[in-house]
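Based on the sequences and whatever the hints tell you, model everything.
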Amino acid sequence: MKTENDTLSPQQSLDLIASMINQAKGNLRDNSFYFLFWGWVIVGCNLAVYTLLQLKFEAPYVVWIAVLPAWLYTYYFGAKRARANQSTTHLEKVNAVMWACFGAFAMTIPFMGQFVNYHINPLILMVGALFTFTSGYLIKFKPFCVGAVVIFGCGIASFFFDHQTQLLFAAAGIGCGYLIPGYLLRSQKDV
Amino acid sequence: MFKDLDPLLHSQLRLAVMSLLISLDAADFTFLKEKTKSTAGNLSVQLDKLSEAGYISIEKSFNGKKPLTTCRITKKGIKAFEDYVNSLKGYLKT
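Quick mapping for you: the protein sequence lines, in order, are chains G and W. Going by my numbering, the first residue of the first sequence is number 1, and it counts up by one from there. Going by my numbering, the first residue of the second sequence is number 1001, and it counts up by one from there.
These are calculated hints, taken from the structure and not from any lab test. Be careful, since some hints might not be right.
[To be verified] Here's a subset of chain W near chain G, in silico, CB distances under 10 Å, partners left out:
1) SER1023
2) LEU1032
3) LYS1035
4) ILE1058
5) LYS1089
6) LEU1092
[Stated by the list, open to error] A partial selection of chain W residues facing chain G, derived with a Cβ cut-off under 10 Å:
7) ALA1027
8) THR1030
9) PHE1031
10) ALA1053
11) SER1087
12) LEU1088
[Stated by the list, open to error] Across the chosen pairs, the derived CB separations fall in these ranges:
13) G:VAL62 - W:LYS1075: 23 to 31 Å
14) G:LEU130 - W:LYS1089: 31 to 39 Å
15) G:LEU168 - W:LYS1076: 49 to 57 Å
16) G:HIS90 - W:LYS1065: 27 to 35 Å
17) G:PRO110 - W:GLY1041: 50 to 58 Å
18) G:LYS93 - W:PRO1067: 52 to 60 Å
19) W:LYS1065 - G:ARG81: 15 to 23 Å
20) G:GLN54 - W:GLU1059: 51 to 59 Å
21) W:LYS1076 - G:TRP71: 35 to 43 Å
We treat Cβ as the ideally placed atom computed from N, Cα and C, and that holds for glycine.
Laid out in C-alpha cells, this is it:
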C-alpha cells in the first residue's frame, strides 16, 4: 500500500474506508467458547444440585462453589486470548463488560434470597435471558435471541414451581436457549 | 483539488490504518500490517506520523519475549476521521 503522493479520489477514499472497516469485523467463532463453557457449567450445577436434593444430601447448594473456578478460568482464558489476539473489536469489549456485570449480579443475588422469597433461579434466568438476547443482537446471531426468549419463558414459568423443580427449568432453559445456539454458532463458523 | 481534506489522512496507508482503528478497540502492529498489506518499515513510519499528530496512541509491551505494539485511535483521531469523512461527503455531493 502506498503512502505519500498518492492521489485518492473521494470515492476511492470512501471505498478504502469501507473495505478496511469490513476487514476489522470480529470473529464470531471465538465467542462460542464462552457460551458452551458457561452453558455446561450452569446446566451441570443445576442438575447436580437437583440430584443431590433427590438423594437427601445435606448441603446440595455447595455445588455452586464450582462457579468460582469457572469464573477464574474464564478470566484466565479471556486474558490469554486477548494477548494472543491481534485486535479487539468494540463489540467484543462491550460483550465482555456486559457479562462481567451479569456475573456481579449472579454472585450478589443469592445473598439477597430472603427478600425475593428465595426465587433466585427464576431471577437469574430472566436477567440472563436479557443479556443473552443482547449478546445475540450484538453478534447478529438470531438463535441466541430466540434462545433468550426460551430462557425468559423458563424463568417466568419456574416462579410457579417449587425450588427443586426450578433447577430443572434452569437446566432446560440454559440447555435449549444457550447451549444449542452456542453449538450452532460454533458449527456455523467451522464451515 | 482536495484542499479541505486533512492531508495527514488523505494518504492511502494512513487512511487505511485509521479506518481499521476506528472500527476496533485496539489492534497490534502485525494485524495492521496484514490488513493493509504494507511493509513493516512503511507502516512504522506512518504510525509514528499519526501518533505525533495525536490521532493514535501507541503502547509498546511484551507478550512473553515477543515485543507487542498496540495501537488505539484517540478522541482527536476520531474527530479528525469524522471531519475527513464529512468533507469527503461534501466532495461527492458536488
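Here's how the hints hold up against the structure:
{"no.": "1", "hint": "SER1023", "verdict": "holds (4 Å)"}
{"no.": "2", "hint": "LEU1032", "verdict": "holds (8 Å)"}
{"no.": "3", "hint": "LYS1035", "verdict": "holds (5 Å)"}
{"no.": "4", "hint": "ILE1058", "verdict": "violated (15 Å)"}
{"no.": "5", "hint": "LYS1089", "verdict": "holds (8 Å)"}
{"no.": "6", "hint": "LEU1092", "verdict": "holds (5 Å)"}
{"no.": "7", "hint": "ALA1027", "verdict": "holds (4 Å)"}
{"no.": "8", "hint": "THR1030", "verdict": "holds (5 Å)"}
{"no.": "9", "hint": "PHE1031", "verdict": "holds (3 Å)"}
{"no.": "10", "hint": "ALA1053", "verdict": "violated (14 Å)"}
{"no.": "11", "hint": "SER1087", "verdict": "holds (8 Å)"}
{"no.": "12", "hint": "LEU1088", "verdict": "holds (5 Å)"}
{"no.": "13", "hint": "G:VAL62 - W:LYS1075: 23 to 31 Å", "verdict": "violated (49 Å)"}
{"no.": "14", "hint": "G:LEU130 - W:LYS1089: 31 to 39 Å", "verdict": "holds (37 Å)"}
{"no.": "15", "hint": "G:LEU168 - W:LYS1076: 49 to 57 Å", "verdict": "holds (55 Å)"}
{"no.": "16", "hint": "G:HIS90 - W:LYS1065: 27 to 35 Å", "verdict": "holds (30 Å)"}
{"no.": "17", "hint": "G:PRO110 - W:GLY1041: 50 to 58 Å", "verdict": "holds (57 Å)"}
{"no.": "18", "hint": "G:LYS93 - W:PRO1067: 52 to 60 Å", "verdict": "violated (23 Å)"}
{"no.": "19", "hint": "W:LYS1065 - G:ARG81: 15 to 23 Å", "verdict": "holds (19 Å)"}
{"no.": "20", "hint": "G:GLN54 - W:GLU1059: 51 to 59 Å", "verdict": "holds (54 Å)"}
{"no.": "21", "hint": "W:LYS1076 - G:TRP71: 35 to 43 Å", "verdict": "holds (37 Å)"}
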